[in-house]
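Protein chains: 2
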Amino acid sequence: MTYGTVEPFFHQGGFVRVVQKFGGSSVADAESIKRVAKRIVDTKEQGNEVTVVVSAMGDTTDELLDLAQRVSPKPRSRELDMLLSAGERMSAALLAMAINDLGHTARSFTGSQAGVITTAKHGDARIIDITPGRIETALGDGDIVIVAGFQGVSQSTKDVTTLGRGASDTTAVALASALKADYCEIYSDVDGVFTADPRVVPGAQQIPEIAFEEMMELAANGAKILHLRCVEYARRENVPVHVRSSFSDKPGTWLKDASDIKKKESGMENPIITGVAQDKALAKVTVVDVPDRPGEAAQVLETVAGAGINIDTITQNQSVSDDTTAITFTVPQGDLTKALDALAAARESIGFSKTLSDDSVGKVSIVGVGMRTTPGVAATFFKALADADVNIQLISTSEIRISVVIAEGDVDKAVRAAHTAFGLDGSDAAVVYAGTGR
Amino acid sequence: MTYGTVEPFFHQGGFVRVVQKFGGSSVADAESIKRVAKRIVDTKEQGNEVTVVVSAMGDTTDELLDLAQRVSPKPRSRELDMLLSAGERMSAALLAMAINDLGHTARSFTGSQAGVITTAKHGDARIIDITPGRIETALGDGDIVIVAGFQGVSQSTKDVTTLGRGASDTTAVALASALKADYCEIYSDVDGVFTADPRVVPGAQQIPEIAFEEMMELAANGAKILHLRCVEYARRENVPVHVRSSFSDKPGTWLKDASDIKKKESGMENPIITGVAQDKALAKVTVVDVPDRPGEAAQVLETVAGAGINIDTITQNQSVSDDTTAITFTVPQGDLTKALDALAAARESIGFSKTLSDDSVGKVSIVGVGMRTTPGVAATFFKALADADVNIQLISTSEIRISVVIAEGDVDKAVRAAHTAFGLDGSDAAVVYAGTGR
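So the protein lines, in turn, are chains C and A. Residues in the first sequence are numbered from 1 upward in steps of one, following UniProt numbering. Residues in the second sequence are numbered from 1 upward in steps of one, following UniProt numbering.
Not one of these hints is a red herring.
Any copy, or any two copies together, can satisfy a pair, since identical chains are not distinguished.
Below, simulated DSS-like cross-link-like pairs (lysine-lysine); rule was C-alpha separation at most 30 angstroms, straight line:
hint: 1; residue 1: Lys158; residue 2: Lys121
hint: 2; residue 1: Lys44; residue 2: Lys158
hint: 3; residue 1: Lys34; residue 2: Lys180
hint: 4; residue 1: Lys383; residue 2: Lys224
hint: 5; residue 1: Lys158; residue 2: Lys34
hint: 6; residue 1: Lys74; residue 2: Lys38
hint: 7; residue 1: Lys121; residue 2: Lys180
hint: 8; residue 1: Lys180; residue 2: Lys158
hint: 9; residue 1: Lys74; residue 2: Lys224
hint: 10; residue 1: Lys74; residue 2: Lys121
hint: 11; residue 1: Lys74; residue 2: Lys44
hint: 12; residue 1: Lys158; residue 2: Lys38
hint: 13; residue 1: Lys44; residue 2: Lys34
hint: 14; residue 1: Lys250; residue 2: Lys44
hint: 15; residue 1: Lys34; residue 2: Lys74
hint: 16; residue 1: Lys74; residue 2: Lys338
hint: 17; residue 1: Lys338; residue 2: Lys354
Honestly, the hints are just simulated from the structure, not real lab data.
Work out the full structure: start from the sequences and follow the hints.
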């Protein structure tokens, strides 16, 4: 059988060098580990060089966090990293054992042994460099390499670091780049990237190929398939990424450079819009009567950001009556109170009159490189929303994205309306979307 | 309070450098870990430099072994070591967290980070060298060092190795030697070394000080307090070892070079015999009519040893009737069948007539350096056994030990008889002996 992992256009010689990443839900128990081992061996037996990045089993990381909490209310991050990194170490060793039983030789490596060099920021370290000497040696010996994801070693302190939740994807892409792999496969419990969340849009279709920049916009605007950092890394290093399910053999979604995407190949009409993303649980804050002087807006936003709050969609409107402005932005619902408190504390110094807030708004974004060359996309989008009786509160755009902030209760119907308006509805309903497995 | 860890005769300057080892039962859960952390901090606050070796929490190692079994019937040892070593890594990190909460800085290190260099024999690696550079740096910074026990890194392959079950004790003693520590404390759930197993002899007394060679004889003849390897290492490197309970503050038993043991100090009369050890669950095998030619005995023993069976007490008797001999030895009860099968297979080539066996014998050993200079010890021992109506089947001796093989059912009364005969009975009954915690 083929997983589409040997598509000819990737061949660069006698074999393909591939990096595969399996999430925690794919190795949740002994049986899952054996099944994944079989899949890895199949890829190897197709003549490929295989390096695998694995996450911790199922809920291991959360269980270790609970254990840490029972021992220490606020565990030191260096020690927390030492504790948590054990999870991937265990799953990597177990996966290697299962592969060895299938007649192949697998060698597991910790992040440190794999040469994953990071910054010293425990719990959220960044990959500085990868020196895959031991991996190259193992691959040279014809072995299958298993790397514990999510971890590395600090360049400065030589201590064990973790890269933050979900960073096993980034580890895989970074390794693929360092190993000059032909591509990277991210296995989870979803079939790939869809034109919309199938739980919301039954007619949502799987996207065969998507441009890195489109995936970045989707990830940044609510799509939970891949972490933004991973997509950014793949784009920067131009590593083709195949997002697919470890529970089926169906091809998934390929992330590629826009120039590598062959049109018409997918069987769908070339869509102007590639996908519709949604982000619920947002809150809207409007700061009224901000003196319209340079730097005032910056003060407002810095005040909120200073409270560690992630600010999204920002708009500023000149007041017609006097020379003040109103600044409006969105924040995660859970951060609304914190944001309002921070603003109240800075009210005197900034000199605005009051704040207005709405604790239940959402965002709907349409994304597609086709937008660049197609006029009237915004008009089509807004008309679809109007026909669906959805009132637009804020608008923000990028070169390949248009986002609207609307009432939280309108998000689902807005997504469906946009999906239909841009001809993305498929004939047969997509499989049920089961979360990201990360 | 004092744990006796700062006894003046150990002072070698302004502070004492100590290595403490805590077994799995001492760190079985979050509460135990916090309690151990408190004890470590107390030692530190007495002005000591503290390095701690910790085992995996409670049954973690067995649980990981079960998990491995579910994934692979015969896991490759390299991967099993990668898996199992995660257990100590977790307990070390958790212990460091708990210490940090008490206002001290603790740094946990894996065996590899701690510089524990071993052979490449996975599952049963031996320590070749310890390069404690990172530990020295941490101690120099005033930190408390926590080292994951039971593990190291292979000098040749750079892979993670484990030292075999119970080897955390050996790790601690080896570290104490490499760090030139003043002494090493082994904490478990027993109060120390007793003159006999208190479960058998209510009047057994704790031994304040015992010579390395005596402890080696006790460990080699059934005492489960410390692993023989650990005691051998301590003796070779002359590292004083303090065996004590992590559940009380009472001083335990000091293992020292015989020349460092101050007589009369203990309050007991200087005993000729330091302790009585017992070893049940043995089987006795007699090979009859072995041709009395050089090398025949060796053939018999090699045949059994070749089956991977550990042979104990060996005796050979010249037959009076003809020129054949009978060779008798003991093996663990569980290995009896295997031993008899191996012998049966080699019967022709060796040329003996038959084997006799007894599947329920035991061994009682009296140990004491006092033996060297005291005549009549054997006579006293044998008379005590005779008075107790215990029939001696085999006898073996060393310079400081006399062992007898007897019926398994006679072991307990033989131990009590010997204990009384050599004046070891204490006035007040010892605390109940609670296993070794390893």
